[in-house]
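Student: We have chain A already, so just place chain B on it with the hints.
Top line first, the protein sequences correspond to chains A and B.
When we follow the numbering used here, the leftmost residue of the first sequence carries the number 1, and every step to the right adds one.
When we follow the numbering used here, the leftmost residue of the second sequence carries the number 57, and every step to the right adds one.
Think of the hints as simulated: they come from the structure by calculation, not from any bench.
Think of the CB as a built atom: it goes at the ideal place given N, C-alpha and C, for glycine as much as any other residue.
Hints should not be assumed to be uniformly reliable.
As the list claims (entries may be wrong) - Here chain A is said to cover these stretches of chain B; the calculated rule only asks that three of the stretch's residues, wherever they fall, bring their Cβ under 8 Å from a Cβ of chain A: (1) 62-72; (2) 84-92.
Said to hold, decoys possible - Here are some chain B residues the structure puts well away from chain A; computed CB gaps all over 12 Å: (3) Glu107; (4) Ala120; (5) Trp128.
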Amino acid sequence: MQDYRFDEHFDNYPIAMAYIPWQHFEQIFDNLEEAYEIGTIFPELNKPFTGRRCVE
Amino acid sequence: MSHKEQMFRDIGIVDFVLVDLILYLDTHPFDVDAMEYFNHYSKIKNQMMAEFAQKYFPLTGDLAESSKEWSWGMAPLPWEGVC
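Next up, chain A with everything else stripped away, as it sits in the complex (with noise of 0.2 Å):
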């Protein structure tokens, strides 16, 4: 299986074409119940749907 490149150099790819940045492992919840009860581990993923845009 081929290593992951993780130096994304976003100007040498392809224009109209659709990328998804790699996440990292850095950390995951303190409190995992918290973590449970919003549907990941990952805080760098906890975007809440609002019903009207992304959450940053």
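Tutor: Same frame as chain A, but now just chain B:
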């Protein structure tokens, strides 16, 4: 919440942590930090499952250590609303 319900909920939480780590590792199969977390929580979940089986009833068939009665068969069914 009874001790049994609390334990059952905690097992669910740890299981969820494992599912999320599995999803991450599926796309990052060489991430040793994430694997350490996975091994850690996998061990904890196994301990909790074994403890729950010993105190109450087995949550999976392979945890049914039975001698006098078949504990897996005696366990409440999912639709019986016990857990």
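Student: Determine for every hint whether it applies to the structure shown.
Tutor: Cross-check of the supplied hints:
1. For the stretch 62-72 of chain B, the assignment as covered by chain A holds, since 4 residues bring a beta-carbon within under 8 Å of that chain's beta-carbons and 3 suffice.
2. With 6 residues carrying a beta carbon less than 8 Å from a beta carbon of chain A, the stretch 84-92 of chain B meets the three-residue requirement, and the given coverage holds.
3. Even its closest Cβ contact with chain A, about 18 Å, leaves Glu107(B) beyond 12 Å, as expected for a residue assigned away from the interface.
4. No beta-carbon of chain A is positioned within 12 Å of the beta-carbon of Ala120(B); the least distance is around 27 Å.
5. Under the 12 Å C-beta cut-off, the non-interface status given to Trp128(B) relative to chain A holds; the minimum distance is some 27 Å.
This entry satisfies every hint, going by the numbered hints stated previously.
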